[in-house]
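Number of protein chains: 2
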Amino acid sequence: MSVKKNTVSFSVIRRLPRYYRFLGDLLASGVGRISSKELAERMHLTASQIRQDLNCFGGFGQQGYGYNIHQLHREIGKIIGVDHDLQAILIGAGNLGQAIATHMHFEKRGFTLTGIFDCDAQKVGRQVAGLQVQHSDDLSAFCAQRHPTIAILCIPKTAAAQVAESLVELGITGFWNFSHYDLRVDHKNVVVENVHLGDSLLTLCYQATHNIHTPDFL
Amino acid sequence: MSVKKNTVSFSVIRRLPRYYRFLGDLLASGVGRISSKELAERMHLTASQIRQDLNCFGGFGQQGYGYNIHQLHREIGKIIGVDHDLQAILIGAGNLGQAIATHMHFEKRGFTLTGIFDCDAQKVGRQVAGLQVQHSDDLSAFCAQRHPTIAILCIPKTAAAQVAESLVELGITGFWNFSHYDLRVDHKNVVVENVHLGDSLLTLCYQATHNIHTPDFL
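Protein chains in written order, with UniProt numbering: chain A, 1 to 218; chain B, 1 to 218.
Any given hint could turn out to be false.
No copy labels: a pair is met if it fits in one copy or bridges any two.
[Stated by the list, open to error] Restricting the straight-line Cα-Cα distance to at most 30 Å, the calculated cross-link-like pairs of lysine-lysine (BS3-like) are:
#1 LYS123 x LYS157
#2 LYS78 x LYS37
#3 LYS108 x LYS78
#4 LYS78 x LYS188
#5 LYS37 x LYS157
#6 LYS37 x LYS188
#7 LYS108 x LYS157
#8 LYS157 x LYS78
Hints listed in this document are in silico derivations from the structure and should not be mistaken for laboratory results.
Taking the hints into account, I'd like the entire structure generated from these sequences.
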């Protein structure tokens with residue numbers, strides 16, 4: 001099972017985590033096998049859409065027997081890369097940073113959180129998710145020693161661009177960005193996942209005022 | 001300027017908040033007019049895509065003169081419904097709930113946050129975003145008196161379905177759901193915006209392990 005790079009559309013990539021989540025929930029509830037029809041109903045997709053998506057990765061399942069959920073979940077996990085153990089640091093230990101550090105189950109999703117940093121002396125030294133918050137001044141030494149590759153930005157919009165630039169110089173190649181700033185780091189090999197909660201809230205506003213339910217993207 | 005219901009695709013609806021955000025940033029930086037070409041470059045879309053999107057709502061701008069940003073921003077805001085002042089309550093005053101309450105600028109996005117509730121006696125009485133956290137037992141009386149229509153769920157997955165059902169009975173017709181649970185409320189006229197941060201993290205994992213940058217959805 002392998003990814004044919006450049007042949008997989010962004011829409012399919014965006015759907016993979018959703019497949020992974022639904023299959024994980026099915027596994028947890030003790031279901032071992034599922035037809036594309038039933039999976040489609042649960043996920044509010046069509047059966048042919050599901051077959052098409054999974055075919056991008058070489059296909060799973062046997063005609064008439066449905067999918068082996070355990071196998072499918074494992075394979076999609078491998079495609080996503082959850083077995084990679086990417087080392088992540090979190091910048092900004094405010095409420096959002098603390099919530100992210102505490103609740104995200106990084107290990108299940110391909111990451112280990114190894115450091116939390118803040119420039120506010122009052123936050124430095126606190127325990128969050130089993131880690132002691134460090135001062136941002138110590139970032140450089142930490143990166144030189146531990147070589148994290150992923151940074152989670154829970155900092156104000158005004159600081160995001162500059163902090164991101166410094167982090168790239170320290171070896172960061174991927175960002176999970178909550179800063180309400182459209183982060184684009186113009187370096188080759190740097191990837192960014194922006195989370196625009198404000199856009200999500202506006203989408204809810206549209207849905208509520210038009211009474212239209214739009215499908216999830218995230 | 002009006003929305004032709006049923007003729008606007010979900011993808012266009014999902015892009016509206018992004019237009020609104022970019023145009024707001026342009027306004028804030030003092031830009032008054034922009035061509036579809038320049039807006040396209042900033043937003044990493046094509047000019048024809050932008051013209052097509054805005055045509056769904058009756059079209060804006062004049063050939064050769066570009067868009068009047070102030071007007072376009074205001075009109076898209078109206079389409080989204082930011083002038084509706086929807087009354088929202090937040091359920092769950094943990095770190096995530098506090099972060100959402102404190103940082104989301106609800107008023108700018110069509111909402112007023114009027115109540116925060118938690119079932120943890122230790123959180124009740126605390127001040128968050130200018131509101132005093134109330135006990136969940138007081139939800140029913142609050143809703144009967146104030147009639148909020150939107151609920152923001154920052155509660156554990158296990159509680160989400162049941163809490164949502166009770167809230168619908170109390171008159172809630174829209175949910176912003178952070179509970180890691182695929183909330184579907186099977187009532188007519190109830191809309192749900194799920195925020196699956198776990199899926200976003202998995203998308204980052206895919207991007208980082210394949211070194212592919214996927215466009216933002218949220």
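Do the hints match the structure? See the list:
1. Both within a single protomer and between protomers do LYS123 and LYS157 lie at most 30 Å apart by alpha-carbon distance, with minima of 19 Å and 29 Å respectively.
2. Proximity of LYS78 to LYS37 under the C-alpha cut-off of 30 Å is restricted to the intra-copy arrangement: shortest distance 24 Å within a copy versus 40 Å between copies.
3. Proximity of LYS108 and LYS78 under a CA criterion of 30 Å is satisfied intra-copy only: 12 Å inside one chain copy versus 41 Å between copies.
4. Taking CA atoms no more than 30 Å apart as the test, LYS78 paired with LYS188 passes inside one copy only; the shortest distance there is 24 Å, against 39 Å between copies.
5. For the homomeric pair LYS37 and LYS157, the shortest alpha-carbon distance between copies (26 Å) is at most 30 Å, but the shortest distance inside one copy (44 Å) is not.
6. For the homomeric pair LYS37 and LYS188, the shortest alpha-carbon distance between copies (25 Å) is at most 30 Å, but the shortest distance inside one copy (41 Å) is not.
7. In this homomeric assembly, LYS108 and LYS157 come within 30 Å of each other (Cα to Cα) both inside a single copy, at 29 Å, and across copies, at 16 Å.
8. In this assembly of identical chains, the alpha carbons of LYS157 and LYS78 lie at most 30 Å apart only when taken from different copies (25 Å versus 34 Å within one copy).
In the structure shown, no violation is registered for any of the earlier numbered hints.
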